[in-house]
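A.B. asks: What follows is the residue order along each chain.
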Amino acid sequence: MSDQPPEVGKHPRGTMALVGLYGVLFVIGWFAIFLLIYLPRGAVTR
Amino acid sequence: MIHNRRLATANIGVAIAAFGIATFMALMQSLSRASLDLPWRSAKMYYLSVTGHGVLMALVFTTFFIMALGVAFTTSALNRPLKWPRAGWVAFWIAVVGTVMTTWAILWGKATVLYTFYPPLQAHWAFYVGVTLLVVGSWVWGAVVIATYLGWKKDNPGKPMPLAVYGILTTIIVWYLATVAVASEMLFLLIPWSLGLKETVDPLLARMLFWFFGHPLVYFWLLPAYVVWYTVLPREAGGKLFSDPLARMVFALFIILSTPVGFHHQFMDPGIAAGWKMAHTIATFAILFPSFVTAFTVTASLEVAGRMRGATGWFDWIWKLPWNNPLVASVLLSMIMFAVGGFGGAINAAFGMNAVVHNTAWIQGHFHLTVGTAVALTFMGTAYWLVPKLVGRDLELSLLAKWQPYLWFVGMLLFSISNHITGLMGMPRRVFEAGYGGSEIAAQWSGLTLVSALGGILLFVSASFFLLSMLGTVLAGRKAEQPPLEFAEPLEGQPTKLLVFDRVWAWVVVAVILVAIAYAYPLADHLAMETFGSPGFKPF
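The listed protein sequences derive, respectively, from chains A and B. Position in the first sequence counted from 1, then plus 1, gives you my numbering. Take the second sequence: its letter number 283 is residue 272 in my numbering, and every next letter is one higher.
No wet-lab data here; the hints were simulated from the structure. Keep in mind that the hints are not guaranteed to be accurate.
As the list claims (entries may be wrong) - With a straight-line cut-off of 30 Å between C-alpha atoms, the simulated BS3-like cross-links for lysine-lysine are:
no.: 1; chain 1: A; residue 1: Lys11; chain 2: B; residue 2: Lys187
no.: 2; chain 1: B; residue 1: Lys486; chain 2: A; residue 2: Lys11
no.: 3; chain 1: A; residue 1: Lys11; chain 2: B; residue 2: Lys309
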């Protein structure tokens, strides 16, 4: 890997930040639908 | 080098032709849903079009494209021709005959049953036999690819197979497992019923068999796209694959988890115990994991590419990527859309929350992000890269090819997001007259259906750019030596030892056991119940 820039061998910090951010948004979005739409509408059998 | 080029070219040609026909239908549908006063607009025309669009896009375009990819990638990665080339052509022609039969039945108004062909909606027997032949053709294709791999394995004992071949084999295995169910549905239920040999059909049994097949069908589409993301994208972006073992783990997980998930499409169906629906829900959430790993590995590969181009900061590598390369742009935009689609999928698959979005416009918004963009846009990007290599000509109308992915992205954003919102407002999917005769509730979503229609127009223009570029390349592209089909190098070099993930047949055994656990009891339970068959209905 000597012909590669030194940055290449390091941890992919940008990727980890993006994937982490996506994970947070994923969970927030899921719970937003659950708390703000699903629960207020009540059970489907009502 | 690519062997059996003519076979791969023939397959990709049928795929693109099917895409072209289905594109025109899509434009009409998106305008019709906005209640625009179009010539020849009618319920019959709408449902005929929805059936044609679904079958031609979801079954024909994808299957032929995947068969082309399987031939090109396997022969290139193994550097040997197909072991049974004649059988490869037999597979192609069986699938073509099936496609012609199915398309005839749809266009002549004899199969207005949508792409899910749920009974008791009944089609002409040619529709069911045609779809069956398409699947049989793909089975023969799968056998040809497997035989070619086994020939290579015999000559290279102890050597890990190339990652691209692993991905294609995974696709074939998932397809074989899934299509057992739809073949049973066709042979034992729908074909005899459509021929008049049986008077009634069991709709719930048919739906169980359909969704046994229907969800892994999604992975049949998605896995070849992942193969492109893992093995082509990093190299085209100027980098390397971040981790080969992680990619192999992902493919192994898809072998075992793709199939025992179908009941999450049937939360509203009676006759399936809630416990089994919950079990399939858990399996569905488990299969999010390999997609998350894919998001990490492919993005990390892109970060490697950006850093090899000189990036040093946290995020500047993103702008160093070649966004003007049609394949790279297509896949990057596909990945962004797939991230949104993955979130929506977690709502669909949640046992309780599914009730909020079930059978609403949300669903069509969702699958146009996943299959309609993550898969279709990746395939279009791949075509810009692969077709010139297959026909030995330069890509024609390259400016259109550069703009096309961005136009698709914007068009799909408008189309899909508006459908997600109207779905939450209660707008049903698959309904011809979304205005409901001027009802107050329907009036609330009428503005958003216009946004959706605008998205449809942009998508149509984008698809036209793609078709023009492909047609121009094949007919008028400059004949020139093309670079060989090469795959991305892993960052740590090519693997030299077999890993646990390379024991493919062991994973197949695990998959079969999981499928048996997930389906044997519910199917036996259903068959033991007293059920009432239904005669066929042909509304148009």
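A.B. asks: Look at each hint and say if it fits the structure.
C.D. replies: Results of checking the hints against the structure:
1. A distance of roughly 65 Å separates the Cα atoms of Lys11 of chain A and Lys187 of chain B; the hinted pair therefore is violated under the 30 Å criterion.
2. As the CA atoms of Lys486 of chain B and Lys11 of chain A are separated by approximately 24 Å, the hinted pair is consistent with the 30 Å bound.
3. Pair hint Lys11 of chain A plus Lys309 of chain B holds up; C-alpha atoms about 18 Å apart against a cutoff of 30 Å.
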